[in-house]
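**Student:** Chains as they are written, first to last, in this note's numbering: chain A, 1 to 211; chain B, 1 to 1171.
Since the hints were made in silico from the structure, they are not lab data.
Be aware that a few hints might be false.
Going by beta-carbon spacing under 10 Å, a handful of chain A positions derived as facing chain B [unchecked claim]:
#1 A79
#2 R153
#3 L191
Beta carbons are placed, not taken as given, at the ideal position from N, Cα and C, and that holds for glycine.
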Amino acid sequence: MGEMRTTAAVQLYLDELRARPEAAGDPQVIRALLGRAAARLELLCSVMLRRSYPRLARPPLNLKADEMLGAIVERLIKALREARPASVREFFGLANQHMRWELNDLARRLDEHTPALELAEHLEGVRTPGEPGLGAKTRRMLAALEHLGEEEREVLGLVRLQGMTHDEAAEILGVSTKTVQRRLNRGRVQLATLLKDLLPDEAAGGDSVGS
Amino acid sequence: MDTPVTDERRIQELAEEALSSQRTPEEVCRDAPGLLADVRAHLARVAEVDAELDALLPGSGPEGSVEASAEPALPVIPGYELKGLLGRGGMGVVYRARHLGLERDVALKMLLAGDLAGPRELERFLLEARAIANLSHPNIVQVHDVSAREGRPFFTMELVEGGTLSQRLAGTPQPADSAAELVACLADAVEYAHRIGIVHRDLKPANVLLTPAGVPKVSDFGLARRVTGGEELTVTGTILGTPSYMAPEQIRGGPVGSGADVYALGAILYEGLTGRPPFRSESPVATQLQVLSREPVRPALLNARVPRDLETICLCCLHKEPARRYASAAELAADLRRFLAREPIHARPVGWLERAYLWGRRRPALATAILLAAVLLGFLGARVARDQALARERREQAALWSPRIDDLFAELGGGNLVQARSLLDQVPEVLDAELRERVARARRELRLVEELDGIRLQRVAITEGRFDRSENRRRADQAYAEAFRNAGFGSVTDAPEAVAARVRAAAVRLALVGALDDWALCAGDGARAAWLLDVARGADPAPSPWRERLRDPALRLDEATLAELADDLRAKRMTVQLVVGAAERLREADVDVIPLLTVVQRAHPGDFWANFALGDVLWADTPAEAIRYAQAAVAIRPRSSLAHQALGTALRRAGRIEDAFEAYSQAVQVEPDFAEAHGRLALLLYQAGKYDEAIAAGREAVRLDPGLAWARFNLGTTLTLQGRAAEALEEHRASLRLDPDSVLGNQGLGECLGHLGRWREALASFQRTVELEPLPVHHHNLGACLERLGELTEAENEYRRALALDPVHRSSLKALRLLLVPTGREEEALALFHAESQAGPDDPEAWNGYAELCAYAGRWEEYERVCVELLERFGTVGEPRTCERIGRACLLQPSGERRDSATALIERALAAPESVPSLRPYFEMALALAELRGGRFESALALLRGKAGAVLAPTPELIRALALHHTGATAEARRSLALAALGFDWSPDAARDHDAWIRHVLRREAEELVLPELPELLAGRGEPRDDVTRAALIASCLSTSRYTAASRLYAILLGEPSALADRELRLRVARATARAGAGLGLDPAADTERALFRARVRAVLRLDLAACGERMAQGLAGHAGASALLEPWRKDAAFTWLRETSGALPPAERDEDRALWREVEALARRLDVVE
């Protein structure tokens, strides 16, 4: 479902570009970029959805994941379309920003949902919650990404959000692969600092007794 | 941690340098050694961040991290994929590798082949290493596999990724308690190995690995001896690095036993307390001399905070004479735990220390000379020993093995089967005749005992999918009889005295009596049990009165009885099996057996059954305690899959999912056919989101045991989640056949059928869940199912039942409102809102839509009241979406006193820094509404020309119509209203959420102002003057359920619906026309016109069916779109007559509908199957 919507939206975007060719660079390139960013966002969202509340998508309970993803991706594409980035780099800068926002928003919404019931161990009906606090964890990480230095944020965005290789990221930024890796390392170190107080201590797994 | 800011910056720089240059923390901190610990900690955090990033934002390729290994070529080892170098040590090179069969990462250690000269040596090494691989203890690095590649031995082991203890200590003294705790853990591990006859001989912090959670694990157990060939001294320590942790007798080259490990533990404790090992010098030889000649400096002199007792414990380990140290690692562990519990310790600070010290001070030259001579002699001895090794070995073999076989029989007699098995496995093939005969006997008896034990184990296992205690006992009874008969002890027809005599003659008598005790339990209370009691009594070296007492129903387990029992257990006056079996019977009679089993475990902490049984009664309520006993059971019997499984269950219960996963994996590894463990693995994989793996594990569990109802349910649920509902169905059905009264099972089947669109069948399952367990959620699910089937009254009843049980069951409230509003029962829906908002007045969600529904229902007084409350309660909230929603809801009345506060809320939403840009257009649209209400019409129109004009259609068009009207642009206002009228399904059916309610409210307002003639037209007086009026009239007709009029107007305005290009509009027209065709609404048409309407609807459906076929032809990519095309036809209430081919229609039409519907169904099925 999401795919259809994505393709349709890309098409719309291309149409617009064809009507006003001065708006952006080479449509071919933009088409590829747009499709890629959208697919990536969809992947990241579905990873989060699946991990956090595996049963959200099941009838007759709660949430229609596909529809939700469709809407999220649509918003991303729309935002990118409207911003009319002048360069590929600018395009991905915007895409990174929007993806962080969307993921953050999704994480927040997930936390508002009560976890649905889970698999059984005996059929008498043992209930276990899904992975707890995933939404909060994600939001924390995204917030930390937001606070990185400009260069580090850009590189981490390209590699982590857009799923690029170091070489690809280097090409887009017009720097060497080594530089990309250096910034990436600095970003990781900064993240570790930012998240220091947020990462769980090595306390034992906790002996909470289930219901 | 209060590191100064400048240090913090420097630490970051150094960490970054280590990452970029791939150098070790030690290397980058060479100039700032004080920061080493911090840099290491920071790098550990980076690793955690990486792991979290990997989980949240997985990379797209294998290139996840920067460390492209600079190591040239990795060795090729079949079955493993080597992924990189982990480190180098004296003994070899360690790689990170992936086991290709098991798909898990391991550490692979390739040994230096130097000392294993010939193939025979290599073989011996492998034999010994495999015995070590059997060591399984939570504090020992698990060796998985031992093998050789091109003459170089290697072994794989558990990957422990938290660094080594020596890295952790790094010269810093630890708090006394944590050092004591650590060494107590290590002593446990060492003791466990000692009891199996394995001495480590090279314990040191570098050989202690830490898990990321900080659990210490001893590595390289027992390998030091073989690899270094007992030549530690000859090469002046180059092989072993530092002799700082080596016992004096080891340096001297004398016999080395468990005492050497106790010494090393003491040295590790010393380093933990003081930050340095007891002896350290500039060269290994000098260190060795110190070890031999000096007394260690008292720890308290190096670190004043070392408690006196702990110092005494430490120095007791470091005695030069092994006999004066703790007799075993267990004693050391016990004393450390006494220290930790602040109880008096057993070690005494004796005066020898001072005396030796004084003696050495008086006669330093003599002391040094004597010690030096000892060292040199040690050197020489080692050389000679090596030269004569082979010859002597042959000669000494008999002498060597004879006492060990004595040991073997002693272990057998003591019932220590694991130790016996370990010894037996080490016995070489070549032995003289007498020894061979003894070994064969030991082997025979041990096999029998293992068989009997297997019967006992089988008794607590799940067979054929269920745990049936009495059936298991019946089987065990038969199996015991057979085993005893086959082993030549006779059968139940023989005289008990004769059988008892044969048992008495066996080396494994104690174990046999234990088996007899368990057998008696299985045999129940008849003549056979009496016979067994006789045999056991006769065979028992000291017949225990407990055999009868424990069977006495009048037995009271008071403190006195327990104390007496404990004494007798400790004195081995009865078998553990006897008490554990009795506990089993008592537990069935609902007696709390925890105190009884605790007594057993305390008396026999090393007994498998004592630990296993106690863990088994504790896991559900106190999993943390159960883990300890299950761990002990696993340590005693590493090959017991049940024990691994029990450990896994306790760990999972305690929330330690990763550890539980490991335990279940072990269970499966030990016993690949263990269905239940596969099932548990599937459960954990599912919880970790690894669905494909979960499905594979679940399939394996079901293949091995088709009777595991819960595993089938889980498999079905996982398959459904993965969109494989057709496969899931089979599992759910099978699970229910096995366990028809399972609530979850019924629910799972219902949901699975729902996934397949087979709601009619699903109904029965949901009904069953309600019967079995009338919970709100089950009523709700049943209601949802009924609603899908169009049985709205029934659905409503179910929602109401859910609400009777839980008045604020949110999903039921919402579902019920959605049922009520479209059928014109706004009053009831409002009452629900009222109740919900009263129940949770501070939750904005409880109010969501309340004000809008009031406005939609024309209840303006209640609307006023709700708005006042909303602004009072939430007027200061910060969350942008809530701000906007409430602001918008309070602006639905043309004039209002709350205009300014509502506007302020919307402005706050727009100004909020955290608001998502993609939400901005929505906020701006709300602002346009605010501007309209404030009389700033131009501003409203300007906003709507931007992105705000494209959201929530046709709301912006309605606002525009109102604004235009107020500015006097009447013609444009009419046009906007007409556009809006065509842009939405205005029938009450579609008025299902607050956005729709807002649309209706604004439409009515616009109609009143822009087209005041509408009510007249609606009443059938006069004709619409133009298309704009017609379009607006359509909306009014729809909203008042005048479907015939609406359909006629649609036809005049737009022509045949099937000719419309816009799919949404086409579907809207089809919906209205379908309702008219069914004769619904206030203005039903005559039969002929209705038939015409129905024909139009069919034409639209045919169009969609054709499009659907085309999409499917595009392959998978088109499928989602195809489903979307079919969806409204299969679900929308407007098309019910098409689906159900009602009997009221003429036969020709009915056939037509059936044919069309068959086509829809066929396509839907194909879509489902291919999905």
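**Student:** Could you tell me which of the hints above the structure violates, numbers in ascending order?
**Tutor:** 2
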